[in-house]
Structures are given as C-alpha cells and as structure tokens.
Amino acid sequence: MSARMRGGRAVALAMLTALTLAATGCASAEEPAAPAQTGASGGAKTIKEGLKIAFLPKQVNNPYFDASDNKGGKVAVAEFKGVYSQTGPSEASPSAQVSYINTLSQQGTDVIVVSANDKDAICGALQEARAAGAKVVTYDSDTNPSCRDAFINQASAEGIAASQIKLISEAVGPDGGEIAILSATANATNQNAWIAMMKTELAKPENSKLKLVATVYGDDDDQKSFQEAQGLLAKYPNLKGIISPTTVGVAAAARYLSGSAYKGKVQLTGLGTPNQMRAYVKDGTVKSFALWNPSDLGYLAAYTGGALASGLITGKEGDKFTAGKLGEYTVGKDGTVLLGDPFVFTKDNIDDFDF
Amino acid sequence: MTAVGVLGGAEERTRLVHRVLVIRELGIAVALALLVGVTVLVNPRFLTAQGIKDLLLGSTILAVLAVGQSIVVITRNVDLSVGSVLGLSAFATGSLFVANPGLPVPLALAAGVLLGAACGVVNGALIAAARVPALVVTLGTLYVFRGIDYTWATGRQINAADMPPGFLRMGSATVLGVPVLALFAVVVLVAAGYYLRTYRGGRELYAIGSSPPAARLAGIPVGKRVFAAFVASGALAGLAGVLYAARFGTLDANAGTGFELNVVAAVVVGGVAIFGGSGSVYGAALGAVLLTTISSALPVLGVSPFWQRAAVGALILAAIGLDRALAVRLARSLRGRNGNG
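Here the protein sequences line up with chains E and H, keeping their order.
Quick note: the first sequence, position 327, residue 1162 per this note's numbering, numbers continuous.
Quick note: the second sequence, position 314, residue 452 per this note's numbering, numbers continuous.
If we strip away everything but chain E, and leave its shape as in the complex, we get (with noise of 0.2 Å):
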C-alpha cells in the first residue's frame, strides 16, 4: 500500500514538475502577448491568440474525457491559435481536483476548463483562480453557479426526452406501438425528469400510435436490468419497443435482445457509448441510439473559454457568441450555453467515435 503511494507521489511530482517546465517555457514566450490584455474590455470581435487553455476532467484516463479535451477542446485551442494543456487526476475523487486548480491558477493560466468531481469541493480554488484572472468553464458537470463564469450543458431534458421518442418512433415504424421505459433507479432525479419530459412528449399528436405500457427500474445493475428487460417482454407480447436512458441499461438491454428470440422483434434505443454499444448496433439488435458528442462538447467548452477570456462575453444572459463550426450560441440562465440536441449514433458513423 505505502508502495503504491510512495509511487503515486512520485509520478505526481514528476508530471508537477514537466508542468511547471512547460509553463515557466510558455511564459516567456508569450510575454509579448500580455499588453494586449488591455484591451479586454474594449469590445473586441475575435479570441486573441496565445490564450493558455487547460481542460481539468474528472479523471485523466477516461475515454470519454480523452475525446472530449483531446479531439474536441484541442482543435478548438488550435483554432484560435491558443495554449492548449490537460491535467488532471487519474481517480474521480472530490477533492483531487484542487491542488490542480491551484497549480493552474498559478501559472497564470488564461481559462481553466473543469469538469467538477464535486459540486462544492473545488469551489474556494476556482474562486482563488478568477481572482487572479482565469476565466472558469464548467462542461460535464457543473459546479455551484457561483463559482463559475459558465457551464456547458451537454443536453437539455427536453432536448433528451424528444430525442428518445423519435427513436423509438422510427425503430418501431409507423404503425407504432407498445413501448417501455428501463430506467436505473426509481429515486434518481435526471432519469424522473427525462420519463416526465418523455410522457410529455407522447402526449403528442404525432407520437399518438405509441403507446407507454410500464416504466421499469434496473437500478443501473447488470443482472436487475436483465431481469427487468425479461419481466417486460414476458408481461407484454406486444411490446415493440424499449427505451433506457441509462447506459447501463441500454447495455444490459442489448446483451439480453441479442441473445433471445426476441432479437429485431423488439426495438431498443436509449443513452449509450458507443464503444458500449458497438456490437449490438452492428448485430442488428438495436438501430441507433444517442448521447451527446463529448468531442463537440470539449469544442464549445473551448471557444466559450476563450470568448471570456478575450472580453466577447461576460457569462451574463443573452451573450452570443460564435464557435467555430458549430455555429453561433447564446448564454442561458444561470451562464449555461446548452450544446444542442443529442447526437445519433447509428451503424454508419458508430465506428467514428472511440469513448
């Protein structure tokens, strides 16, 4: 054990060390850069060059993270001719993020882009950081409003629950249909709110031929969620179609249709990874599925950054502005910029995407 910390440390102090190299290096190279800081508040029009960027995920090793800093947020940087670094922890834990924050903050680091592991934990570091200039964008996962400058939400439930329908929708065909929800569990607060927005949504006229037969919870388990799957194809013959806004359960779903004789009988479509995923959209068993675009979503968190950073917003309601080739945004309630609608992922463009 004390091994294993003795070599944490060390690998901590090492990348401590490279970091700090790099950004004593950065430093000199960009001091020209710095009296053009000024102008700031003067309304300009484009993201000055030379901005250093750092993305701080939850956890440095995860692939989702890896395409949302490193082929999202890095092209973006590139875009505008900026500094583009990651750092991080390689554990999910709270309090991990802070010494990175702090570390950033010292390097004089022009906007910290940060995925919260904890709503409140980093909020001191983050507030000593836009004290000392850096602007603060939060994506994946928010900090309290207040400590942030703006959150890049990945999808709205609206945006989610409409999407799911129309899956579902288009996997079970136009003659419709029963379908059922395979939730995680029956108290999480996201999932209720998206079965809300879905029930909304085939209230519908257009979505009339679909009809919601029971809602399930899989409690995000393997096993439950097979069992589940099978309890709702023995309750109901007709069963057309399922949806699990889970991607434990969109899994457990697909491995269960794709062994069983129900397999291309049954449509299922839900929030999936599509490395998750990949077999069963190959197979046959599921059509097509959604989640955002972290890729996209490491872009807009980049070019917001650097909006901020160069004076084109505040993070105030109303802010528009432009990012690359997604196109023109506009900053919601609270400094939230939504990413738009989900992404589809389908057995066309499944192998573009590694997460």
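Careful, some of the hints might be misleading.
Stated by the list, open to error - Under 7 Å between C-beta atoms, here's a sample of chain H residues computed to sit facing chain E: (1) D192; (2) A298; (3) A299; (4) F386; (5) T388; (6) S433; (7) S434; (8) L472.
What the hints assert, rightly or not - Taking CB as the label site, the calculated pair distances span: (9) H:P242 - E:A967: 55 to 63 Å; (10) H:P302 - E:A1096: 19 to 27 Å; (11) H:T395 - E:G885: 43 to 51 Å.
By construction, these hints were calculated from the structure, which means they are not laboratory data.
Every residue, glycine too, gets a C-beta built ideally from N, C-alpha and C.
Let chain E serve as the given structure and place chain H on it in line with the hints.
Using the frame of chain E, we list chain H on its own:
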C-alpha cells in the same frame, strides 16, 4: 439397554436428521414450484422456451457462487469477498481478451479460476495464520480486492465489441435447450455435492462446522480443511467471474458489487445453517434458483418495483423462520427419543 438398542437409536436418529434435511430441500423445491406455477397462471409466457432459458441463465452465476459459499459456511465460516473476487476475475477475463483477441475460451476459464483461487489462498492464509474470524478477514479482502479492481480499471470499461464473438456466444448458447452456462453450474454442483457427501475430506468439513474444538480433538486438520474451503470458494467465484463476462458483455470495476449478500441469502434460504455443520450444496443451489426466480417473477407479476426488495427480504426471513422451526422440532424429537432410550 443393550448395545444393539443404542446402535439402533443412533441409526434412527441419523435417519431422522436426514429426513428433516430432505424435507428442508423439498420445501424450497415446493416453494419454487408454487412460485413458478402462480406466475405461469398469471402469465403463460413466463415458461416459454425463452422464459426457461432466462431463468436458468439468471440463476447460473448465483448458483455457482452459492455452491462455493456453502462449502465455506458448512465449516462455520463465511466468505464475504466473493462479489469482489467475481468482479476482479470478470475484469481480468475481459482484459485478457483485449490483450489477446484470439485467446481460446478454455484458457480464459482457467485464468479466471486460477485468479479466483489465488484470492481464496489470500483469504484462507489470513484466516488460518492470523486466526482472525473469517467474517472480519473477508470483509477486509472484500474492499482490498475491489480496490485492486478499481486501480486496475481506472474508469475503463470493457465492452462486448472487445471480446471474441465465440466467448459471448457461450453466454447465450444452448445445448438441447439448456444454456451452456447452466451446464457449468450443474457440473460444479454435482462435483461439490458428491465430494461433500462421499469423501472423507467433505465429511470432515461438516465435522469442523458442527464443533471446531471437537473436530480438532478428533484429529481433523482443521486449518488445512478450512484453508481448502476458502480456496474452493475463491476458485468458484473466479469461475463465476468468467461466466459473468460471457453473459453480460459489459465490464467495469463495479461488476458483482453487492453480490456477497445475495449469495449468503441464497445459501441461508437453501437451508445451509449459518452456524455451520449442516446443509447441502443442492439446497444452496436451489436457494439461488429460488431467489433469481423471485426477482424474475415479481416484474412479470407486476409487483411494484418499490416492493420487490421488501418481498425478497420477507422471503429470507420466512426461510430462516422455517429453518429455526425445523431445528427446534428436530432437537425436541431427538431429546424425546433420548429420554425414551
């Protein structure tokens, strides 16, 4: 009182004990039949070929774990680390396939079993060497093994697309309508049942559970036998991990979290006395099938998801109540016979 009379009484007593145990297992079988019967009456689709396959597949992993657990519980110990061992073995299997996509399935099975056995050796050695109650040791290793799993996985997930189709097919394939995975459970069950019933080593496990000091005085190598029981339980949890990987196809460091309680519940419901010395692996496996069938039947019966856990809990209490009632009756009738003799 003649010698013949004493012998006759002893024989009669053994027969009585035996009969009660058979009744105990029969009770679970009847409960199972009732449950299935009622569910089929409500919904005939519960017992289609697909339905039976689902029930058997669902019970397999729990049954394998329950066999291992009963071997340990019979010696008046408990192994709480099985869920973590299962998770570790499942992730190891997945990682092996990621590293060597062409790995033959039997090799993966062997690797999982060996890893599980190694975890069992750690448990057994700590219990035998440190002479700490198994409850405490395995509670510790529950977290240690899970921690190793977390450190190893560091948020990674192994998906169905990473594992060879042949291995995943094993998870849902059937031979004459019986799932391949269930055959593993049957082989394990029959082998363990035969060993415990017929072999000297197996009988000694019961003797240890009935009274460890007496077993020691009788010259039974208690430490060695208990150690072996933990290795067996670990190896079976390792096997269960491989089966888990084949069945679910999606693996992260959380696989099997909380399984240990289901396993202990299956063993207790299956009539293995938690204080050791009695019960059979057949009962434990039946207990596993019963628990799985309940959690499959409740959604079909339309029981509110909020009540399902409570229903499982009530069943465990009922099983323990029945166990206790039978034990008391048995003790009374044995005492009565003693008095008469």
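Hint check results:
1. Because the closest C-beta pair between H:D192 and chain E is about 5 Å apart, less than 7 Å, the hint holds.
2. Nearest Cβ of chain E to the Cβ of H:A298: about 4 Å, under the 7 Å cut. The hint holds.
3. With a least beta-carbon distance of about 4 Å to chain E, the hint placing H:A299 at the interface is held under the 7 Å criterion.
4. Given hint, H:F386 at the interface with chain E, holds; its Cβ is 4 Å from that chain's nearest Cβ, closer than 7 Å.
5. With 7 Å as the threshold, the beta carbon of H:T388 comes within range of chain E, its nearest partner Cβ sitting at about 5 Å, so the hint holds.
6. Hint status for H:S433 relative to chain E: holds, with the closest Cβ pair at about 5 Å, below 7 Å.
7. For H:S434, the interface hint holds, the least distance from its beta-carbon to any beta-carbon of chain E being 5 Å, beneath 7 Å.
8. Checking H:L472 against chain E: minimum C-beta separation of about 41 Å lies over 7 Å; hint violated.
9. At about 58 Å, the beta-carbon gap between H:P242 and E:A967 stays in the expected band of 55 to 63 Å.
10. At roughly 23 Å, the beta-carbon separation of H:P302 and E:A1096 lies within the given 19 to 27 Å, and the hint holds.
11. For the pair H:T395 and E:G885, the supplied restraint of 43 to 51 Å holds, since their beta-carbon distance comes to about 47 Å.
The earlier numbered hint that this structure contradicts is number 8, and it is the only one.
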